[in-house]
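Q: Residue numbers (this note's numbering), protein chains in the order written: chain A, 179 to 535; chain B, 179 to 535.
These aren't lab readings, by the way, just hints derived from the structure by calculation.
There's no promise every hint is true.
Which copy is meant is left open, because identical chains are indistinguishable; a pair holds if it fits in one copy or across any two.
Stated by the list, open to error - The list that follows gives simulated cross-link-like pairs (lysine-lysine, DSSO-like), each with its CA atoms no further than 30 Å apart:
1. K321 x K437
2. K384 x K269
3. K447 x K229
4. K289 x K321
5. K289 x K191
6. K317 x K331
7. K229 x K412
8. K226 x K331
9. K420 x K211
These are the residues of each chain, in order.
Protein chains: 2
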Amino acid sequence: MLKKERMNRVLEKAEQDQLLISDPCALFYLLGKWFYPGERFLGLLIGKDRKPVLFLNALFHYEEDPDTETVTFSDTDDLTAMLAEYTDHSKPLGVDKILPARFLLPMMEQKIASSFAIGSLAVDLARAIKDEEEIALMKKSSKINDQAMVLFKRLVHEGVTEREVADQTLDIYRSLGAEGFSFEPIVAFGANAADPHHMPDDTVVKEGDAVLFDVGCRYRGYCSDMTRTFFYKKGPSSEQEKIYNLVRRANEEAEAMLKPGVPLCDVDKKARDIITEGGYGEYFTHRLGHFIGVEDHEYGDVSAANPRLTEAGNIHSIEPGIYFPEILGCRIEDLVLITENGYEVLNHYPHDIEIID
Amino acid sequence: MLKKERMNRVLEKAEQDQLLISDPCALFYLLGKWFYPGERFLGLLIGKDRKPVLFLNALFHYEEDPDTETVTFSDTDDLTAMLAEYTDHSKPLGVDKILPARFLLPMMEQKIASSFAIGSLAVDLARAIKDEEEIALMKKSSKINDQAMVLFKRLVHEGVTEREVADQTLDIYRSLGAEGFSFEPIVAFGANAADPHHMPDDTVVKEGDAVLFDVGCRYRGYCSDMTRTFFYKKGPSSEQEKIYNLVRRANEEAEAMLKPGVPLCDVDKKARDIITEGGYGEYFTHRLGHFIGVEDHEYGDVSAANPRLTEAGNIHSIEPGIYFPEILGCRIEDLVLITENGYEVLNHYPHDIEIID
């Protein structure tokens, strides 16, 4: 069923009078239903003062919806001619940033609009500000993630590999009420924790290893994402402890400055300065955070390159890390919500140094 | 490392003098390496009498390759300006069918070529004819799939759900040497088998159910895909047996006519006529088969709409089915290779009616 308030917020932000939205995530946001079109065309045409039209392959189904006209087509229909009947040929058309060339080029050749531009930024900007329904689902998703972390660390024992641990996480998420992963879980032991892109392999845990979990689930479509770094059987060395505490302080002080109206680059700088002053700046090799919602990585990042101001309703990660191969790879990540007056951390799993026995 | 013979076959089939290939599957085919660019740009520019250029985000790595120039860029670089230095602005550029609008529109605005068209059909056509290396990998992948089917049927027992069975299949594939699924496995009990798009859920198996497995794995990048329909605890009724044997005959007679030079629509017709003459034509609701290789579904299908002729080196599925909700849902699928003189079925798991006890 069309979520009119969300559509109206998109249209307020749109630079074109007509938008053709194709991204299944954006359509879930606007219609509350997931479509899996694969290679097939999928589009929702919206505009000011017009009824939205959903173009849907006959293989898929959309409910009866008084606010939306549904046009079905088959694999052999002329898609461009069908779209041309509904677009205003005298006005620019904003298309989705992901619209594949095989659909876009025929639309341009057939001149179904006066010009073509990327129009999906309006959807991205609307999605960056979560409404009440979304905030409730995001909180629940992160709550499940907190509960799951307690169970995940118990999977680590003598002789176990990263992959064996990772393979058990999906069942745990499901048993807690999630429908699946928000991304493939990262489980990294020892030196592997110092590679932020490491994927679980056959590495066996050994005493003294860092044990890093970067994990998230999906609850009714909404994503969680949290990282914790534990130690196996043995507490950290003094340099490891120093690194861990720097990362922790970068996380907590960056979170503490959050409220509406803060430049996102300043949040990144806060965390980066702490790590740099601690002497490990060159080992913090990525941005501080990313926006999240229906997708694990959504439009908007917490980085030196983004001067935009935080707004109430934003939800993003704060995930400083230090990746020092010979000593320690460590990351501490929470999701945070910007509220009217400040912020709320959605993850409640503690930041303390913890030894898995 | 660039596979020059494959690239030359692509260029022979190309309608433009310069092609920009973005699809990670196509790049695996041409370079032998998987890239996971996510939302980031990835492109291989190839053309007659020019050295291929790989445009790669600095986050990713490509080996030293004397046959390919690699241009790396960062998230903040001007991608279009970079591409403009390498394309011939006076000639058309063939772009990948999947190239997203956010990359294509700026290239068109900056006129980095004289015109733009979909050029990736040349890659698709080259990929449809497997070389010796690919055939060997496809055979191995299907051999693993045959072995896995023996183990999958043993997972079905009193009280088990489709999802519980499906959840155990990945470990079995891995234990047999595959790296993962070629697609999410379909496990369907009873009436669910009559929905060709059914995904495993909490349905519990019961005596007399059809038990349908549509499954495949990936071996060194190459996909397998096979379907078998079993019966649980009890043999088929006479109408079920009639349906099963019609599907089996459609499969085997369609396979038996394969050799180079046969119109693919005729192969579909062969199977469809058998099922129609048997009285179930309206319950065979999809095409007979699809091409397969690096992707589970590749360019090329075995359907009424495709008059192209089979060629030696084609590998595609033959998968007739009858979906009669109250009686039986049944599909029997093999992969077949077109050889110089005939065909070879890559799956060796039998087609006989089999009862799981």
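Q: Take the hints in turn and mark each one as holding or not.
A: Hint check:
Taking the shortest alpha-carbon separations for K321 and K437, only the intra-copy value of 22 Å comes in at or below 30 Å, while the best inter-copy value is 58 Å. With identical chains, the CA atoms of K384 and K269 are never at most 30 Å apart, being 64 Å at best within one copy and 59 Å at best between copies. For the identical chains of this complex, K447 and K229 are neighbours neither inside a copy (45 Å) nor across copies (42 Å), given an alpha-carbon limit of 30 Å. For the identical chains of this complex, K289 and K321 are neighbours neither inside a copy (49 Å) nor across copies (50 Å), given an alpha-carbon limit of 30 Å.
For the homomeric pair K289 and K191, the shortest alpha-carbon distances inside one copy (25 Å) and between copies (29 Å) are both at most 30 Å. Within a single copy, K317 and K331 get their C-alpha atoms as close as 22 Å, which meets the 30 Å cut-off; across copies the closest is 41 Å, which misses it. Neither within a single protomer nor between protomers do K229 and K412 lie at most 30 Å apart by alpha-carbon distance, with minima of 63 Å and 54 Å respectively. Proximity of K226 to K331 under the C-alpha cut-off of 30 Å is found in neither arrangement, the shortest distances being 51 Å within a copy and 55 Å between copies.
In this assembly of identical chains, the alpha carbons of K420 and K211 never lie at most 30 Å apart, being 47 Å within a copy and 39 Å across copies at closest.
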